[in-house]
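Using the sequences and the hints, build the whole thing.
There are 2 protein chains.
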Amino acid sequence: MRRRIRLIVEYNGTAYSGWQRQSNAVSVQQKLEESLRKLTGESELYVVGASRTDAGVHALGQNAHFDTFSRIPADKFSFALNTMLPPDIRVCESSCVSDAFHARFSAVGKEYRYLFYVHPHSSALYRDLCAHVIYPLNKEAIRAESELLLGRHDFSAFAASGSEAKDTVREIKQISIRDNAPFLEMRIYGTGFLYNMVRIIAGTLIGVGSGKLESGCIGRALATGDRLCLGVTAPAQGLTLMRVDYPEEVCLPPT
Amino acid sequence: MRRRIRLIVEYNGTAYSGWQRQSNAVSVQQKLEESLRKLTGESELYVVGASRTDAGVHALGQNAHFDTFSRIPADKFSFALNTMLPPDIRVCESSCVSDAFHARFSAVGKEYRYLFYVHPHSSALYRDLCAHVIYPLNKEAIRAESELLLGRHDFSAFAASGSEAKDTVREIKQISIRDNAPFLEMRIYGTGFLYNMVRIIAGTLIGVGSGKLESGCIGRALATGDRLCLGVTAPAQGLTLMRVDYPEEVCLPPT
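Note that the protein sequences, when read in sequence, are chains A and B. Residue numbers are given in my numbering: position 50 of the first sequence equals residue 50, and the series is strictly consecutive. Residue numbers are given in my numbering: position 244 of the second sequence equals residue 1244, and the series is strictly consecutive.
Hints in this document: simulated from the structure, not taken from any laboratory. This one's a predicted model, so the numbers in the text were calculated from it and none came from an experiment. Among these hints, one or two may not hold up.
[As the list claims (entries may be wrong)] For the chain B half of the interface with chain A, some residues (derived, Cβ under 10 angstroms), not all of them: (1) Y1011; (2) N1012; (3) L1060; (4) T1068; (5) F1069; (6) P1073; (7) M1084; (8) R1127.
Even for Gly, the Cβ is constructed at its ideal location relative to N, Cα and C.
Spelled out as structure tokens, the structure:
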């Protein structure tokens, strides 16, 4: 009998070309598919991920699914895969879900974290996990600017030029800026994000906090759709996909 | 004029054979000395560190000193060195100190952190920074056991067999166990530590927390000096040297 299996996946993206399979580089998806094909003997097994994270981006709560005829108990896939995967990829949970579960299309919310390291010298210990900001930041200006993102907006100004999305309306439900010196942590939760959107938001907030960009630039970008109102795309290594949410009913096993 | 310069050094120990120079492996001390010799043109420049951390052990606040005839302003050494050092070693501060300052012999206190990752699966994202504990832990038993370490004791049972220390009396002034699930963080502050002492303490507390060792084993080890009362030496990568304290007067520049 064919079953659909959901995986919750953690990875350090430093060594990978990103989530998505590519012809000339090693991706997280490829490592998972190789291990699952070996484990099940199914050469046509494909893994679908919730978010196609870029090279260098990390995940604590990436979600994925695959279909299989294997009889391995659903909750045992995580343990079996972790004996085969490299140590910078771990499957935290595996479970049997209904066919209505689709890692990408069923997702109703995603949380990302962006970590800045604000210090005259870069971080030796945490360098793969954060982006370095040399100058001090106006945290209150960053907080005030970040709140302009809340709500349902057309985020076309926040999409990288390679973006294929036609519908650019998204809803940001929560954003928080936490000062944990020398770290500054941004958390953002929304219904979905355009390509590079979180990194453009992070780069823009740092621009406002350092005085390189004027306060209110996010409001102007939302109103005009103009990418040039915004700051640079912040480096990949500061970004971590924390969590993907789904409607409860699609996460249950088929009855 | 010869001056003594103090450095505060941060490093990720993963790629190094430890602090101390060795003939067949790359150490943090060697990387610092190579950069300083290039910078000053002084081929006989040597760096003295506060703590000879093991291979894989990290530091956020290692201290070191060296003597030089160079006229580079003391506070500029950090910036100059950071352009030459690999990104997993950073000099956070450099300052001119009196000749009474000796990174190792003037130290009056050291703080270490040990990070456990308590989860059925190991951590992909933080794997170089923590030790993996598969089974759940009794945190109250760990806290109670840890308090037996407080005060001035003969810690001979806590020294690895290669230890050369003759005087094995040390004073532990503070120890704390912080639950930040899935992490468990131990912080320990004392006048000094024997070789592998913090890792033996960490391994013993995990033994008590998991039920493999009986409560009170630390008291018995202190009373008898018997290493066999204690647990295994916990892995290097969970350990970070946080801070080294010195008397205020030796940290001032010469008058």
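- Find the hints from earlier in the document that the structure breaks and name them by number, from lowest to highest. Violated hints: 4, 5, 6 and 7; rest satisfied.
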